[in-house]
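K.L.:
Mind docking chain B on chain A? Use the hints.
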Amino acid sequence: MPRPTHPLLVAVSLAIASSLHAQNAASPDLSDPEVAHVAVTANSIDIDMAKFAQTRTTNGAVKQFAATMITDHTAVNEQAAALAKKLGVTPADNAVSQSLEDGAKQARAALEPLHGKAFDRAYIDREVAYHQAVLDAIDKLLIPTTENADLRQLLTAVRPAVATHLEHAKHLRIELGGTPRASK
Amino acid sequence: MIVWLFLLLGFGRVPQTHTVEIRGMEFHPAALTAAVGDTVVWINRDIVPHTATAKGSAGWDTGSLVASQSGRYVVRHNGVLHYACTFHPTMHGTLTVR
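Those protein sequences? They're chains A and B, same order as listed.
Going left to right, the first sequence walks through residues 10 to 193 as my numbering numbers them.
Going left to right, the second sequence walks through residues 6 to 103 as my numbering numbers them.
With the rest of the complex left out, here is chain B:
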């Protein structure tokens, strides 16, 4: 009974894992929607290193990801979070959390 109550209230949502591929000097998808508790994984399919680094105070940074390496972030805050690659400032992505 309590379990059903939690599920009805949404507390039972299973956290999901979202994958963002970095290829061709772009984030795919460039715009991602996730929920608090979800995990976002960035995997670098390019030859050159990249990062996925939050702008402002959202506060995550995968650090340098060389070819085939991945980094992850467990989503903690609601809102629209912008991020970029610190090595290539023309590469942008958005993480919408709700």
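So here's chain A without its partners, still in its complex pose:
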């Protein structure tokens, strides 16, 4: 069975894949301050997207999903900030964070002209793709390259939430009418 090839999924995956490649080419590891920055950036991107969705959607289930994204990712960032303070670490910007930011701008631009069901489906498609990509990044990049035990524990604790968001988004996408569509 062919894998879903929605353009947003491809864009997010490419952003992370290219970042992984760039990191591997230049340096095999992210430093812990860089891992912290990636984590905070990934959360902030989804919070901003959810806030935008709340201003655009009229679907109750989509609004509820967006509210959960804001609440959960805010809670995670608060934990990350508390941990950074405890460790005396200042999150450091890096190529992966930049790629995530660029991907977020593209995703936002793609959603901007959409309204109604078309918006809801595209937003939830994006959330499916984004959470899958973040889950992959947690498993393949963030946890393996983190040296600090507390930071690794935080990432490990966050992983089930990201996986649950992914399942929630997939269910919602079906309720909105079918599985995420494939690209043309």
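Everything labelled a hint here was simulated from the structure, so no lab data went into it.
Relax, there's no trap hidden among the hints.
Straight-line C-alpha distance at most 30 Å; calculated DSS-like pairs for lysine-lysine:
hint	chain 1	residue 1	chain 2	residue 2
1	A	Lys-60	B	Lys-60
2	A	Lys-149	A	Lys-95
3	B	Lys-60	A	Lys-126
4	A	Lys-179	B	Lys-60
5	B	Lys-60	A	Lys-72
6	A	Lys-179	A	Lys-126
7	A	Lys-94	A	Lys-149
Please read all numbers here as calculations on a predicted model, not as lab measurements.
P.N.:
For chain B alone, kept in the frame of chain A given last:
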């Protein structure tokens, strides 16, 4: 004598407290058996907020439980009661009361 009679008839059962931990985006245990009069305590061990909210007319809702916060319900009705987290609809639990 009357006390013994009550105990024999089961009226003297001391209500118990059951704890359900919410961790890793799951209820532990996901299936719990309790008796009328018992108390169920849900404690949130996750970073993100959760609820334990009854489906149908069973009628309890812990409300939002932030990290390390707990909520409780004193069991009032027999039957198999299903509940979920309103924030994360993929999280389910069952409370069997008999």
